[in-house]
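The listed protein sequences correspond, in order, to chains A and B. Using this note's numbering, the letters of the first sequence map in sequence onto residues 1 to 115. Using this note's numbering, the letters of the second sequence map in sequence onto residues 1 to 113.
In short, the hints are calculated from the structure, not lab data. Possibly wrong hints are sitting among the right ones.
Claimed, not checked - Calculated pairs, BS3-like style, for lysine-lysine (alpha carbon to alpha carbon, straight line, at most 27 Å):
#1 K78(A) to K11(A)
#2 K78(A) to K15(A)
#3 K57(B) to K68(B)
#4 K15(A) to K42(B)
#5 K42(B) to K78(A)
#6 K68(B) to K22(B)
#7 K22(B) to K37(B)
#8 K58(B) to K68(B)
#9 K78(A) to K17(A)
#10 K11(A) to K42(B)
#11 K37(B) to K11(A)
#12 K37(B) to K68(B)
Claimed, not checked - Part of the chain A face toward chain B, derived, beta carbon under 8 Å:
#13 A31
#14 D56
#15 L91
#16 F106
#17 G109
C-beta: ideal position from N, C-alpha, C; glycine also.
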Amino acid sequence: GAGVSQTPSNKVTEKGKYVELRCDPISGHTALYWYRQSLGQGPEFLIYFQGTGAADDSGLPNDRFFAVRPEGSVSTLKIQRTERGDSAVYLCASSLNVPGAEGYTFGSGTRLTVV
Amino acid sequence: GENVEQHPSTLSVQEGDSAVIKCTYSDSASNYFPWYKQELGKGPQLIIDIRSNVGEKKDQRIAVTLNKTAKHFSLHITETQPEDSAVYFCAASVSGSARQLTFGSGTQLTVLP
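All chains should be modelled from the sequences, with the hints used to inform the complete structure.
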C-alpha cells in the first residue's frame, strides 16, 4: 500500500483482557518498528524487526508484551492481561533496510484504552 | 542509553515570524537526527533530518543545525504559516545499530494568524 496501515484505529478493552494490534508496512520495507506514545510524550521504542526476526526487543516493558512478523510483512503486537497503564497510542513504522537509510514512515497508530 | 531533551514544550508565534526548537542529546555515538511533525490523530511525519557529518541542512522554510561538540541540534522554521501548527519531535539514533530512535518530549507549536 501507499503507507503504513494500522488496525484497529481505536481499541477499548477491559483490564485483564488480551488484545492484538495489527500493522501492515509499506510494501518492500524489510524493517518494521513498534513504538508506544503516552499522552503528551514522544514515542518510545518497543521492538524492531528485520524480516521475520525480532532484531531488538529491548523496549518491551515486560513479558505481557509480544510481537510477531511471521512472513516478514504484517506484524501483530500482542498484549496479555492488559493493565490501565498500557493505555497509549501504539505506533508502527517501516523503513527500507539499506545502509544510511532515511527515516521511518509511521502509521497513524492504534489508540488503546484499558478500562 | 540515549537521553534527548527538547525545549520549549510549547511555542506560540505570529504568522510570518520564525520558530526555533532546541534539543540536546547525551550519547556521543548518536549520528542521525531526524525531526518529525505530528498532527492530531496522525502518526509522526519526517520533515527533515541531519547526519553528524554536516552542520546544517535546509529545505525551503525549514532548516536544522547540529553542534556535535555541544551535543545539541535545532529546528528553525521561517515565515511560519497556520498550517505549521502541530507537535514537533526531535530524535536521535546511532545509525547501523538497532536503529531505534530516542525521541524528545515534543513541542506544541501554535502559529497565530
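Tested hints:
no., hint, in the structure
1, K78(A) to K11(A), "holds (13 Å)"
2, K78(A) to K15(A), "holds (14 Å)"
3, K57(B) to K68(B), "holds (14 Å)"
4, K15(A) to K42(B), "holds (26 Å)"
5, K42(B) to K78(A), "holds (22 Å)"
6, K68(B) to K22(B), "holds (14 Å)"
7, K22(B) to K37(B), "holds (14 Å)"
8, K58(B) to K68(B), "holds (18 Å)"
9, K78(A) to K17(A), "holds (11 Å)"
10, K11(A) to K42(B), "holds (16 Å)"
11, K37(B) to K11(A), "holds (24 Å)"
12, K37(B) to K68(B), "holds (23 Å)"
13, A31, "holds (7 Å)"
14, D56, "holds (4 Å)"
15, L91, "holds (6 Å)"
16, F106, "holds (3 Å)"
17, G109, "holds (5 Å)"
Consistency note: the structure conflicts with none of the earlier hints.
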